Structures are given as C-alpha cells and as structure tokens.
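Asks: Using the hints provided, position chain B relative to the given structure of chain A.
Protein chains in written order, with full-length UniProt numbering: chain A, 1 to 289; chain B, 1 to 289.
Since the hints were derived computationally from the structure, they do not count as laboratory data.
Since we're looking at a predicted model, the values are computed, not measured.
Incorrect hints may have been included.
Sample of chain A residues facing chain B (criterion: CB under 10 angstroms; computed from the structure) [claimed, not checked]:
1. Gly3
2. Val40
3. Pro45
4. Ala130
All residues carry an ideal CB built from backbone N, CA and C; glycine is no exception.
Number of protein chains: 2
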Amino acid sequence: MTGFSEHTSAEVVAESFAGTPDPRLRRILTSLVEHLHGFVRDVEPTQAEWQQAIDFLTATGHTCDDTRQEFVLLSDVLGVSMLVDAINNRTSPAATDTTVLGPFHLVDSPPRELGANISLDGNGEPCVFAGQVRSADGAPLPGARVDVWQANGAGYYDVQQPGLQPERNLRGLFVTDEHGRFWLRTVVPRYYPIPDDGPVGRLLTATNRHPNRPAHIHVIAEADGHAPLTTHVFVEGSPYLDSDTVFGVKESLIRPVTDVDDPVRAEHYGVANPFRLIEFDVVLDRVRP
Amino acid sequence: MTGFSEHTSAEVVAESFAGTPDPRLRRILTSLVEHLHGFVRDVEPTQAEWQQAIDFLTATGHTCDDTRQEFVLLSDVLGVSMLVDAINNRTSPAATDTTVLGPFHLVDSPPRELGANISLDGNGEPCVFAGQVRSADGAPLPGARVDVWQANGAGYYDVQQPGLQPERNLRGLFVTDEHGRFWLRTVVPRYYPIPDDGPVGRLLTATNRHPNRPAHIHVIAEADGHAPLTTHVFVEGSPYLDSDTVFGVKESLIRPVTDVDDPVRAEHYGVANPFRLIEFDVVLDRVRP
Numbered sequence: 001m002t003g004f005s006e007h008t009s010a011e012v013v014a015e016s017f018a019g020t021p022d023p024r025l026r027r028i029l030t031s032l033v034e035h036l037h038g039f040v041r042d043v044e045p046t047q048a049e050w051q052q053a054i055d056f057l058t059a060t061g062h063t064c065d066d067t068r069q070e071f072v073l074l075s076d077v078l079g080v081s082m083l084v085d086a087i088n089n090r091t092s093p094a095a096t097d098t099t100v101l102g103p104f105h106l107v108d109s110p111p112r113e114l115g116a117n118i119s120l121d122g123n124g125e126p127c128v129f130a131g132q133v134r135s136a137d138g139a140p141l142p143g144a145r146v147d148v149w150q151a152n153g154a155g156y157y158d159v160q161q162p163g164l165q166p167e168r169n170l171r172g173l174f175v176t177d178e179h180g181r182f183w184l185r186t187v188v189p190r191y192y193p194i195p196d197d198g199p200v201g202r203l204l205t206a207t208n209r210h211p212n213r214p215a216h217i218h219v220i221a222e223a224d225g226h227a228p229l230t231t232h233v234f235v236e237g238s239p240y241l242d243s244d245t246v247f248g249v250k251e252s253l254i255r256p257v258t259d260v261d262d263p264v265r266a267e268h269y270g271v272a273n274p275f276r277l278i279e280f281d282v283v284l285d286r287v288r289p
Numbered sequence: 001m002t003g004f005s006e007h008t009s010a011e012v013v014a015e016s017f018a019g020t021p022d023p024r025l026r027r028i029l030t031s032l033v034e035h036l037h038g039f040v041r042d043v044e045p046t047q048a049e050w051q052q053a054i055d056f057l058t059a060t061g062h063t064c065d066d067t068r069q070e071f072v073l074l075s076d077v078l079g080v081s082m083l084v085d086a087i088n089n090r091t092s093p094a095a096t097d098t099t100v101l102g103p104f105h106l107v108d109s110p111p112r113e114l115g116a117n118i119s120l121d122g123n124g125e126p127c128v129f130a131g132q133v134r135s136a137d138g139a140p141l142p143g144a145r146v147d148v149w150q151a152n153g154a155g156y157y158d159v160q161q162p163g164l165q166p167e168r169n170l171r172g173l174f175v176t177d178e179h180g181r182f183w184l185r186t187v188v189p190r191y192y193p194i195p196d197d198g199p200v201g202r203l204l205t206a207t208n209r210h211p212n213r214p215a216h217i218h219v220i221a222e223a224d225g226h227a228p229l230t231t232h233v234f235v236e237g238s239p240y241l242d243s244d245t246v247f248g249v250k251e252s253l254i255r256p257v258t259d260v261d262d263p264v265r266a267e268h269y270g271v272a273n274p275f276r277l278i279e280f281d282v283v284l285d286r287v288r289p
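Bound conformation, chain A alone (with noise of 0.2 angstroms):
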C-alpha cells in the first residue's frame, strides 16, 4: 500500500522517486515534490482552481514557438530567473553585479574597432558608451572582450523588427585598449515592455503589475584568466528603475547619461563637442588557475 494521504504525499511520492539512477535528478525530483506539495498543502485549491492552474500552464506551452519562449516570460516575471542568476553568479565584493542574460543576444556579435557606432537606425538620443575592464585587483585588462547589446530609443530591438532595423543594429563585440579601455557610439535605449499579449501579459494584467523593463544596454565582459560576467548598465532616471517587471535591476549597475564639455575626449572618442556620455567599468573575478 502507498499510505498516501494529504499528510504524508510528499513523502510517498518522493520515495516513488528513489530507483532514480542519476542521484543529481533523484535530488531535484525529491526536493520538487517537497516544494509542489507544500504549496498546495498551504493554498488548499478548488479542483476548479487547480484545472486553472493547468489551463494557464497549457496556454503558456502553445504560446511557446521558435521565436517566443513564454515560460522564460513566466520564470522572468516570478523573479526565478534573476535567482538563478544570482545563484550561478556569486562575485567578489569588488566583482561588478550581474544580472540576466535576456532573450535578445546574439551569439555571433559582430566585431567591431573602438569608436564605432552601433546606432545604424539613427532612432535615439546620441550618446558615448565608454568604460575599463579590471580585474578584482584594481589590474586593467587589455584584450578584453566586450560584447555590447540594446534597444534603440524607441524601446526595441533589431531582432524584433526584421526589415524595420538595420540587422545587427545596436549591436557590437569589442576588444578593450592597452589600458583595458573600450568605447563606441551608441543612442540612449529606452525602457520597454516583455511581450504581453499571452498567459504571461494575462498574469501581469490581473495582478496590477506593467510589463516594463527600465532603459538599460546590456554587456557581456570576458578576458583570459577570468570569469566572464553578464550584465546591465541601468540609465539613472529611467521609468521602472525601481519596479523591473523581470527583477533585474541593482542599484551598483545604475548610471547617468552625463553631458559633457571637453574637446580633448571628444576627439578621442570621434564625437562633436559637447556630447552625451555613459560611463561604466567592469570588474571581472580571476579563476583559479
């Protein structure tokens, strides 16, 4: 007999788990099952709520294809994938934050030189985007790869609007100087909604909560000897700063959109005098060797 009762489900199932051969599954499985049955223990569903439950994660099933993942929606919007994230992302203190990865990066970033502009649409306020890779110890990291990503300003990305954009627009992988330095010419982004007309945008209607994800560029930094690290730099000022609909924002990854009034580094930077400009450092975690 199995001795299943609403007191000891969790326990009865867990041990249907047990002749599972990879004890890495085994462990998921049992502590699934834990987590599931208390949830349910603790809300007590209506069958009908329960069906409910259901039909909304079926929905969000047929709401997936190739170019929409509607679960990584609803992991985004519950705050599990920035858990994750930190989870798999526990830097140094003096590590720059991470945070998600997003569904917009294209492994094939194109290269390329110092100074370029990414903005090939002209759609946004122009801007500098500069800043050093380091290393935990304060060392600058030359021949870092810096792999940069945004919407333009209207809130979108190339890849959400094949034909409209440019392709590979805002976009752009770039080795840092001598002195660990990178910069390029870029637009200001602006914030923009998740995709909200499926099961997910449903969920956000019911519960009072907007889809937006305040402005931000996103960076991918990698040099030799160390961790590679994913993140945002968040525009100070931005609408949702302090309401992320994917959780994703920290408060050492903000920062303003300065003007500035200097000759000098505006040729450096092959921009006219004044200009806008964003500025960000990375610091990257040495691996052990």
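Replies: Chain B alone, transformed into the frame defined by chain A:
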C-alpha cells in the same frame, strides 16, 4: 530599488503582487513565489539545468491538444492530483474514501437498467459488479445515482479505441433500488499504462518508474441530501496495486473478485451459476441543509 538578492528574492517578488485586486489570487501567488523560490534555493540549479526545466515544461505544453492533457498527467505522476483530491474530499470516517476522477469520464454516461451488461465488446472475464449505497448513519439510499466506467479486459477505455470498441462500452448510469442496491454485468478490468510516449513518459523512464495503474472500476455516487463521491474499486491481486503511477490506491478501496456458487443470487443478477462477483458498497456523507 528592489533590493533583490538570492536571500530576499521571494520577499521582493511577493511584494510585487501586493496590488493584486483579487485577494485569493494574491494569496495563491504569494505562496507560489515562496515555495518556488524555496525550491530553487534548495537545489541551486545551474543555468543549464534551469533551461532543461524550461524545455521540459515547453515540451509538456506542446504535447497538449484536444485529446491529450500532458500537464494533468504531470500533476498525476507527481501526486498533486491525488493531493488536491484529498484536500477537497475530507469525508467523515464512515464515508467511502475518494480517489481521482481521471481523464476518461464522460459527462453523459448512458442510463441503464439494473442488471444490464455494460460490456458491449465482451473483451474480458465476465463478472457481476454489485453493492449498496448508504448514508453515513447506515440508512440505505434508494434512488441514488451510480455512474460506472472502466477499461476492458485488454486495459483500454472505449474513448481510446474509437471504431475498435462500441461507443459507450463499459459505461453506465444506474439508479439504486428500494434497498439502495445496484448490480450490473461487466468484465474484470485490466491494469493499463497512462499515455507514456510524451515528456511525462520520459520522466518516468528516467526515474525507473513504470507508467501503470492497477485494475479498477470508476464510480461516482450521488444521492439527494448527500455529498457526491468520486472513487474507484481496485481489483485485489492486480499488478501495480502497491505502485499506482498516479498514487490513486487506498487500501479501503480494494475488493476481491470472488467465485460465487448460489443459484438464487445468480438468478437475481441474471447470470449463469456459478459466477464471479465484485462487491462494493458506497457510503455517502449527508450535507448540512
């Protein structure tokens, strides 16, 4: 600022649902976030493992269509369907134990006379199924509705074999006589596997679990002034009684198939003597007026 960290994540995300107008939805989401984040903190999934979870849920959604509900199967094999059943059917000690409805019930079960033979295909070992419906105080319940459905001797329901089995095979809606008794002719059902060619089947395979349910007859009993009751009778001696893949078995619901040599009863049931018999009485709780 949200103050999101791996330690505060559940609190921060729960707070984002604080403005949910429906208090029940707010309560459910708050609890979901707490238990879901507890699970993630407990197992500390890698990014790749979390992606596997997303892929599994997506495949489960894509397996659902008009005739297949893979999320219900997932709920079943994780014991959640039975837990929800237990929570929603806290019957008195005198009442018959409940178990899950399952996916094969038809709302419009065909009305049949007492003693009718519901085995229209003759596939299986003939037997009589009989019992009495009583109130928790012992009083027989004349005019109670007893809805019965089951798999045939090969382990298939009619709806799984359209064209192969007669329509409404092994289904019947009976009304108890003046003593609260019902009886009908049928066949001994066989154990059967739940659909195991999808993601849930792969989960069972990966965890060395079989997909089978032990042999059973479904019963819904209803009587005026009483709470309706959904349950199974399990066939004593069936394989998988101790490992029902959906955790539906309760010891109180197992009955033997007995050999009966009694010409008077045989005549009453309309069968040749000797005959085989499964007896199952159903006790219903009175509802407060």
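Asks: Which hint numbers doesn't this structure obey?
Replies: 4
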